[in-house]
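Visitor: Read top to bottom, the protein sequences are chains A and B.
For the first sequence, my numbering begins at 1 and goes up steadily by one.
For the second sequence, my numbering begins at 1 and goes up steadily by one.
Read the hints as simulated data drawn from the structure, not as lab findings.
None of the hints are false.
So these bits of chain A aren't anywhere near chain B, every CB distance computed over 10 Å:
hint	residue
1	LEU13
2	LEU19
3	GLY61
4	VAL82
5	LEU112
Below, in silico cross-link-like pairs of lysine-lysine (BS3-like), each with a Cα-Cα straight-line distance of 27 Å or less:
hint	chain 1	residue 1	chain 2	residue 2
6	B	LYS71	A	LYS100
7	B	LYS102	A	LYS100
8	A	LYS56	A	LYS68
9	B	LYS14	B	LYS57
10	A	LYS60	B	LYS102
11	A	LYS100	B	LYS57
12	A	LYS77	A	LYS52
13	B	LYS71	B	LYS57
14	A	LYS100	A	LYS56
15	B	LYS102	A	LYS77
16	A	LYS56	A	LYS110
17	B	LYS102	A	LYS52
18	B	LYS11	B	LYS57
19	A	LYS110	A	LYS60
20	A	LYS77	A	LYS56
21	A	LYS52	A	LYS68
22	A	LYS100	A	LYS52
23	A	LYS60	A	LYS77
24	A	LYS110	A	LYS77
25	B	LYS102	A	LYS110
26	B	LYS71	B	LYS11
27	A	LYS68	B	LYS102
28	B	LYS57	B	LYS102
29	A	LYS100	A	LYS68
30	B	LYS102	A	LYS56
31	B	LYS71	B	LYS102
We treat Cβ as the ideally placed atom computed from N, Cα and C, and that holds for glycine.
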Amino acid sequence: GDSVTQMEGPVTLSEEAFLTINCTYTATGYPSLFWYVQYPGEGLQLLLKATKADDKGSNKGFEATYRKETTSFHLEKGSVQVSDSAVYFCALIATSGTYKYIFGTGTRLKVLA
Amino acid sequence: DTGVSQDPRHKITKRGQNVTFRCDPISEHNRLYWYRQTLGQGPEFLTYFQNEAQLEKSRLLSDRFSAERPKGSFSTLEIQRTEQGDSAMYLCASSWTGYKEKLFFGSGTQLSVL
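Could you build the full structure based on these sequences and the hints that come with them?
Guide: Here you go:
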């Protein structure tokens, strides 16, 4: 079935460092891809999305490009801030005629001042 | 937009007891989802509704779990004869019809089974 695999954390970076969190997926058809973020003490919220191959989602300085050839949707940010410390979840919406969203296990990011 | 509301925020129960959680989605949203999340893991799909119809239920879900969404508004998730392995955060999310529409999550109900 459809699935999402993302790199294990935690990822610890200094402020202004470059961030990459890897995400790959397995799906039949053409899924839509998402990154959700969970800040400490808060619920999950959508960070960005891409709905077709080669689309780039972006928000708050974060970007991710839908790569069909490598089945990847890696999250990047050029200069992280302490306020970016959170857990990041890669997700897809299944393509088998259902509206079920499938999430990865999450990657915790800690940014040090 | 008042957001997705879940009640209670925390529930402590003894093994073998029944528990029920409530979710109030964003009012115009017709899809409602239940997920379960344990520490260090991502949300695990349990079930979802479109309006009042339960369209899919996880094959991993025990028969002890049941969910309803009467009249297509709020939803309840009941766990019968709770077990310690049921301890988790139970998340509700809602969305509007649109194949690739985003989910709005509630803050969750943290269940602890003693």
